[in-house]
Amino acid sequence: MPSDTTAGPLPKATQEAVYVYEAPLRLWHWVNALAIVVLCLTGYFIGQPLPSVPGEASDNFLMGYIRFAHFAAGYILIVGFLLRLYWAVVGNHHAHQVFLPKFWSARWWSEVWHEIKWYSFLEREPKKYVGHNPLATLVMHLMFVWALVFMMVTGLALYGEGTGMGTWQFEYFTAWVMPLFGNSQDVHTFHRLGMWYLVCFVLIHVYVAIREDIMSRQSIVSTMISGWRTFKDNRPVDGID
Amino acid sequence: MRETFYEVLRKQGVSRRSFLKFCSLTAAALGMGPAMAPRMARALETKPRTPVLWLHGLECTCCTEAFIRSAHPLAKDVILSMISLDYNDTIMAAAGHEAEAIVEEIVRDYPGEYILACEGNPPLNEDGMYCIIGGKPYLDQLRFAASNCKAIISWGSCASWGCVQAARPNPTQAVPIHKVIRDKPIIKVPGCPPIPEVMTAVVTYLATFDRLPELDRQGRPKMFYSQRIHDKCYRRPHFDAGQFVEEWDDDGARKGYCLYKMGCKGPTTYNACSTVRWNGGMSFPIQSGHGCIGCSEDGFWDNGSFYDRLTNIHQFGIEENADDVGLAAAGVVGAAVAAHAGISAIKRMTDKGGE
Numbered sequence: 000m001p002s003d004t005t006a007g008p009l010p011k012a013t014q015e016a017v018y019v020y021e022a023p024l025r026l027w028h029w030v031n032a033l034a035i036v037v038l039c040l041t042g043y044f045i046g047q048p049l050p051s052v053p054g055e056a057s058d059n060f061l062m063g064y065i066r067f068a069h070f071a072a073g074y075i076l077i078v079g080f081l082l083r084l085y086w087a088v089v090g091n092h093h094a095h096q097v098f099l100p101k102f103w104s105a106r107w108w109s110e111v112w113h114e115i116k117w118y119s120f121l122e123r124e125p126k127k128y129v130g131h132n133p134l135a136t137l138v139m140h141l142m143f144v145w146a147l148v149f150m151m152v153t154g155l156a157l158y159g160e161g162t163g164m165g166t167w168q169f170e171y172f173t174a175w176v177m178p179l180f181g182n183s184q185d186v187h188t189f190h191r192l193g194m195w196y197l198v199c200f201v202l203i204h205v206y207v208a209i210r211e212d213i214m215s216r217q218s219i220v221s222t223m224i225s226g227w228r229t230f231k232d233n234r235p236v237d238g239i240d
Numbered sequence: 000m001r002e003t004f005y006e007v008l009r010k011q012g013v014s015r016r017s018f019l020k021f022c023s024l025t026a027a028a029l030g031m032g033p034a035m036a037p038r039m040a041r042a043l044e045t046k047p048r049t050p051v052l053w054l055h056g057l058e059c060t061c062c063t064e065a066f067i068r069s070a071h072p073l074a075k076d077v078i079l080s081m082i083s084l085d086y087n088d089t090i091m092a093a094a095g096h097e098a099e100a101i102v103e104e105i106v107r108d109y110p111g112e113y114i115l116a117c118e119g120n121p122p123l124n125e126d127g128m129y130c131i132i133g134g135k136p137y138l139d140q141l142r143f144a145a146s147n148c149k150a151i152i153s154w155g156s157c158a159s160w161g162c163v164q165a166a167r168p169n170p171t172q173a174v175p176i177h178k179v180i181r182d183k184p185i186i187k188v189p190g191c192p193p194i195p196e197v198m199t200a201v202v203t204y205l206a207t208f209d210r211l212p213e214l215d216r217q218g219r220p221k222m223f224y225s226q227r228i229h230d231k232c233y234r235r236p237h238f239d240a241g242q243f244v245e246e247w248d249d250d251g252a253r254k255g256y257c258l259y260k261m262g263c264k265g266p267t268t269y270n271a272c273s274t275v276r277w278n279g280g281m282s283f284p285i286q287s288g289h290g291c292i293g294c295s296e297d298g299f300w301d302n303g304s305f306y307d308r309l310t311n312i313h314q315f316g317i318e319e320n321a322d323d324v325g326l327a328a329a330g331v332v333g334a335a336v337a338a339h340a341g342i343s344a345i346k347r348m349t350d351k352g353g354e
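So the protein sequences, as listed, match chains A and B.
Reminder that position 119 of the first sequence reads as 118 in numbering that gives the first Met the number 0, one-by-one numbering, no gaps.
Reminder that position 334 of the second sequence reads as 333 in numbering that gives the first Met the number 0, one-by-one numbering, no gaps.
In isolation and in its complexed conformation, chain A is listed as follows (with noise of 0.2 Å):
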């Protein structure tokens, strides 16, 4: 199947496209990526609340729609999450990537070290992977990952304590999340934080992905969108994943 013929100026791939993000992974991407997209907007608002609005309070519901669409919002994104844990388990080799990244392979590490120097240019060339490479693993664990679990946790223990004591929400994250931060306040203001972080993590990803899309051997965006991963060249797959 593979052949080298070229035609035009670029090389022409043919090595075989392999099917990489099932179809519940790639919807979960998308709704997730719009959620988080709405929870930082309502979020920030919510903390710094845009001008007063004229009129009377009766006629006006602003904050209230807005501290809606994030709670709904945040809602969606933590049912989503759940059922991406499920998917982890029962979806694909690729589908646990992220969640368990393999700490204990030297070979993981060290593919880790040549993904940073090509990223330092100091590499020509990156190696060439069918799921996400290691780099890309270990900063989505720790950046995105746990970021969004921080995130949920908190948001539910502030949320926690809208419903008030006796929801499940207060027993189960608000009662424990604030004697641990010491006060609500605290808890706020670290809820602020990880959202700095996310938006901070969202730069890097949508640069990171539309980059390695154009310069690393193999598609990268339209891959979240079709689930196949096609390649640039015709050599062999060399990297961990």
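The set of hints was computed from the structure by calculation and includes no laboratory data.
Treat the hints with care, as some may be off.
Partial selection, computed: residues in chain B whose CB lies under 7 Å from chain A [what the hints assert, rightly or not]:
no. : residue
1   : F238
2   : D297
3   : N302
4   : K346
Derived Cβ-Cβ restraints for the label pairs, each shown as a range [unchecked claim]:
no. : chain 1 : residue 1 : chain 2 : residue 2 : range
5   : A       : Y171      : B       : S287      : 20 to 28 Å
6   : B       : L326      : A       : P50       : 51 to 59 Å
7   : A       : L82       : B       : K254      : 42 to 50 Å
8   : B       : Y306      : A       : D212      : 44 to 52 Å
Covered stretches of chain B (chain A as the covering partner; in silico rule of three or more C-beta atoms under 8 Å from a C-beta of chain A) [said to hold, decoys possible]:
no. : region
9   : 140-151
10  : 224-234
11  : 241-249
Computed from a prediction, not measured in an experiment: that's the story for all the values here.
For every residue, glycine included, the Cβ atom is placed at its ideal position computed from N, Cα and C.
Chain B: place on chain A using the hints.
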């Protein structure tokens, strides 16, 4: 035989009618049904009064000042009779050795029966030398008085959390009561000061039912500390509408808009101010046009300005809030991304050129 509360009241000329009215009012204030009022009356008629030792550590006496201004029930008529307040150095008549002897007497004569009410907290640095009562460190007096008590009431934010004397850098190492006394049940009644009616209600509950009220995880009575100021604030509709006081003396301030943007800590403060209010239910800070400063919350002195919602983050060394730090981080990441993209583009072009 110690006198009962009812006997003391009658001696002071309080009518039985007034006594029963007090019982109904207090039962209602404690959130209990009408059936509880007769039970409360019976308890106060038959049980001997509970001896109370009220100790003062590092504090400003605002708790005592608040307590004696309770309107429902009136402290001077009722509370000082309901309990047998045997020691409170601010308001008792005895002084000097005579006064200090009372503490020893109560601890000796009523083991396991008396309540220890703590106002203020002990400093641990230099073996407690920063607070001396009657020639001895308050720390020793506290440990001694706590040794035989039935329960401890931590009055105010000092005893509950540490308050201003425990704020950074806390040179005297002042610590709340529960960090020193660990083997007795402790009820925290935070606030600087706590609401007088809340204080008297807690004492009434203890005297009447002979057990602690239901406490939350942080040891505060649920009946008064289970909701935030924000949850029951009369300005809440303006918050939901998105109508805020933008600066002091603007039109919004005159119209009584929400004080969120002026740094009101109502959304993060657990207390009953917006329902019970102060000075006999007349007003509370938000009603008089100023945001809540969160005085009943742990570490409220260290949470930055009273006028900012986003609090300072001290770990960064300079006064920065979460948005300053976050925007700076996002800016650095953004600049790094742009620079990296630029270098990547140049590298790609030069590599192409080489091929």
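- Query: Which numbered hints does this structure break?
  - Reply: 5, 6, 9
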